[in-house]
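J.: Chains as they are written, first to last, in our numbering: chain A, 1 to 114; chain B, 1 to 109.
What the hints contain is simulated information worked out from the structure, not anything from laboratory work. It cannot be assumed that every hint is accurate.
[To be verified] Short derived list, chain B residues pointing at chain A, Cβ under 7 angstroms:
{"id": "1", "residue": "R31"}
{"id": "2", "residue": "P44"}
{"id": "3", "residue": "K79"}
{"id": "4", "residue": "P80"}
{"id": "5", "residue": "N95"}
{"id": "6", "residue": "F99"}
{"id": "7", "residue": "G102"}
[As the list claims (entries may be wrong)] Just so you have them, the derived chain B footprint on chain A, three or more residues with Cβ under 8 angstroms:
{"id": "8", "segment": "42-56"}
{"id": "9", "segment": "100-108"}
For clarity, every value in this text was computed on a predicted model and none was experimentally measured. From the three backbone atoms N, C-alpha and C, an ideal C-beta is built for every residue, glycine too.
Spelled out from the first residue to the last, the chains are:
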Amino acid sequence: EAGVAQSPRYKIIEKRQSVAFWCNPISGHATLYWYQQILGQGPKLLIQFQNNGVVDDSQLPKDRFSAERLKGVDSTLKIQPAKLEDSAVYLCASSLGFSGNTIYFGEGSWLTVV
Amino acid sequence: EDQVTQSPEALRLQEGESSSLNCSYTVSGLRGLFWYRQDPGKGPEFLFTLYSAGEEKEKERLKATLTKKESFLHITAPKPEDSATYLCAVQASLNGLTFGKGTHLIIQP
């Protein structure tokens with residue numbers, strides 16, 4: 001079974017530029033998550049989708065971050081304009097449902113803002 | 001607010017030296033407590049889910065247990081390939097996971 005796919009794996013941009021990350025969840029998984037992991041910290045939830053609807057985006061910095069999940073499958077996370085403190089790994093994850101189901105993570109997209 | 005605290009932050013063991021990692025949590029309405037393993041440059045890899053106090057699960061040299069306030073990840077006779085960061089997370093209600101900072105485990109041959 002294919003896992004959660006993410007791209008690009010690595011990205012270096014200058015501050016104030018924009019960047020987009022793409023995620024393809026495990027087939028059949030209705031719930032999709034984006035997490036931010038800063039070096040030395042545990043992952044922090046940014047946004048949670050159930051099919052193509054947003055369940056929780058309370059920790060998403062909406063002045064610069066946006067995310068969408070068109071057609072309830074793939075998802076894109078965008079940052080514009082980027083700040084130095086956005087340097088982190090952006091992890092996409094998916095699960096069958098959203099209550100007690102196993103959540104599977106992708107390999108992550110590493111962002112460095114210089 | 002859900003909180004997860006893991007200890008110790010780092011642990012160095014000799015090969016074969018058993019030990020335990022701790023995960024203390026406060027959450028309203030626990031739906032599940034999750035353990036993940038994360039290798040450098042990789043995403044978290046699922047290990048276990050525990051749902052209720054008293055539950056235990058095992059996988060090879062790892063055993064996870066759960067009480068109403070904490071969970072333990074016991075590592076028996078570890079090998080160098082068990083070296084990784086171990087993450088604990090809780091899920092409450094319909095929300096995503098709240099993670100601790102992890103325990104960085106090093107097993108020396």
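J.: Each hint: holds or not?
T.: A quick look at each hint next to the structure:
1. The beta carbon of B/R31 comes within 5 angstroms of a beta carbon in chain A, closer than 7 angstroms, and the hint placing it at the interface holds.
2. Hint status for B/P44: holds, given a least beta-carbon distance of 5 angstroms to chain A, under 7 angstroms.
3. Because the closest C-beta pair between B/K79 and chain A is about 24 angstroms apart, greater than 7 angstroms, the hint is violated.
4. At its closest, the beta carbon of B/P80 sits 22 angstroms from a beta carbon of chain A; the interface hint therefore is violated under the 7 angstroms criterion.
5. Because the smallest distance between the Cβ of B/N95 and any Cβ of chain A comes to about 6 angstroms, under 7 angstroms, the interface hint for this residue holds.
6. Hint status for B/F99 relative to chain A: holds, with the closest Cβ pair at about 3 angstroms, below 7 angstroms.
7. Look at B/G102: its Cβ gets to within about 6 angstroms of chain A, closer than 7 angstroms, so that hint holds up.
8. Residue count for the segment 42-56 of chain A with a Cβ under 8 angstroms from a Cβ of chain B: 7. That meets the three needed, and the coverage hint holds.
9. With 8 residues having a beta carbon nearer than 8 angstroms to a beta carbon of chain B, the segment 100-108 of chain A meets the requirement of three or more and the stated coverage holds.
Violated hints for the displayed structure, listed by number in ascending order: 3 and 4.
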